[in-house]
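Undergrad: Sequence:
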Amino acid sequence: MSFLKPSNWKSSQRRKSIISSKLDESKVLELLTGNGCRDITDEIDVSRCTQYPVNNGGFGDIYEGKLRDGTKAAVKCLRIFESTTDKRTGENLKLAAREIYAWSRCEHENIVPFLGFTFFRGQIAMISPWMENGPLPQYIQRNKKADRFQLCTQITGGLKYLHNIQMVHGDLKGGNVLISSNGIAKLIDFGNTESNDRSLEFTPAHITPTPRWAAPELLQETGAYSFAADIYALGMTFLVSS
942 MSFLKPSNWK SSQRRKSIIS SKLDESKVLE LLTGNGCRDI TDEIDVSRCT QYPVNNGGFG
1002 DIYEGKLRDG TKAAVKCLRI FESTTDKRTG ENLKLAAREI YAWSRCEHEN IVPFLGFTFF
1062 RGQIAMISPW MENGPLPQYI QRNKKADRFQ LCTQITGGLK YLHNIQMVHG DLKGGNVLIS
1122 SNGIAKLIDF GNTESNDRSL EFTPAHITPT PRWAAPELLQ ETGAYSFAAD IYALGMTFLV
1182 SS
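Here the sequence shown is numbered in this note's numbering, starting from 942 and rising by one per residue.
It cannot be assumed that every hint is accurate.
Stated by the list, open to error - Pairs of lysine to aspartate or glutamate, EDC-like flavour, derived with a Cα cap of 16 Å:
id, residue 1, residue 2
1, 1035, 983
2, 968, 1032
3, 1035, 966
4, 1013, 1073
5, 1035, 971
6, 1013, 971
7, 963, 1142
8, 1007, 984
9, 1101, 1048
10, 968, 1138
11, 1013, 984
12, 963, 1073
13, 968, 980
14, 1007, 983
15, 1035, 1142
16, 1101, 1050
17, 1007, 986
18, 1007, 1073
By construction, these hints were calculated from the structure, which means they are not laboratory data. Keep in mind that this is a model prediction, so the values were computed, not measured.
Generate coordinates for the entire structure from the input sequences, incorporating the hints supplied.
TA: Okay, here's the thing in structure tokens:
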């Protein structure tokens, strides 16, 4: 299996649409919808979303919400700080669009489904079904008899699917595996994803790996995100799940 090398792709692929931090919001949304990403703003019941985040990651906040049909949903927004500049806001919009586009390309039983994007409280947000059992580390801590082998098999299935469609996850770790209500492991968080799909391109972004799960070449900045780096992160995920 060959590694993905983002720095070499542009020279061999014809450029089409490009999203950069300089594009305004309306143009970014136009490009996303034009490339198959669903705008489900009309389906979100904003009045039934939590006022404050119920969970957060390195750069994102998760709100608990509901669709108008009553479906419980997760609303993910990139975090905005009071000191955020216009340049940083543009970069956040690009990063959100990048994740939306990558996630919208995925459909597998071990990938958290992407329902669509919305404009939520002044910023673009990603909508997915609510995963009742939460992140993998907390789940196995609460459920001492959980079948760890089966969970690891499911995580591997999700990653295999991504690699089969020529996509590198880029940030596989315990916190980016959610457990559904029926105990199925599903991968989440596609902010670091690299893909050979060039229908919609993005200007380069500086993405920091998570140290504990990152392959040595990423920490030493001697290599790119790759299938091999994903496999290293998969092994680390197994280790902390044992």
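Undergrad: For residue 968 and residue 980, compute the direct alpha-carbon distance and say whether it is at most 16 Å.
TA: holds (14 Å)
Undergrad: Do the alpha carbons of residue 968 and residue 1032 lie within 16 Å of each other, as the hint requires?
TA: holds (14 Å)
Undergrad: Between residue 1013 and residue 971, is the straight-line Cα distance small enough, at 16 Å or below?
TA: Roughly 27 Å separates the two Cα atoms, so the pair is violated.
Undergrad: Verify the proposed pairing of residue 1035 with residue 983, using a straight-line Cα cut of 16 Å.
TA: Outside the cut-off at roughly 23 Å; violated.
Undergrad: For the pair supplied as a hint, residue 968 and residue 1138, confirm whether the alpha-carbon distance does not exceed 16 Å.
TA: violated (20 Å)
Undergrad: So if I understand the rule, the pair passes when the alpha-carbon distance is 16 Å or less; does residue 1007 with residue 1073 pass?
TA: holds (14 Å)
Undergrad: Quick one, are residue 1035 and residue 971 close enough, alpha carbons at most 16 Å?
TA: holds (13 Å)
Undergrad: For the pair supplied as a hint, residue 963 and residue 1142, is the alpha-carbon distance within the 16 Å limit?
TA: holds (14 Å)
Undergrad: Has the given pair, residue 1013 with residue 1073, been kept, meaning a C-alpha gap of at most 16 Å?
TA: holds (9 Å)
Undergrad: Please verify whether residue 963 and residue 1073 have alpha carbons no more than 16 Å apart.
TA: violated (38 Å)
Undergrad: Are the Cα positions of residue 1101 and residue 1048 separated by 16 Å at most?
TA: holds (12 Å)
Undergrad: Does the structure keep residue 1013 and residue 984 at a Cα separation of 16 Å or less?
TA: Roughly 12 Å separates the two Cα atoms, so the pair holds.
Taken one by one, the earlier hints fail for this structure at numbers 1, 6, 10, 12, listed in ascending order.
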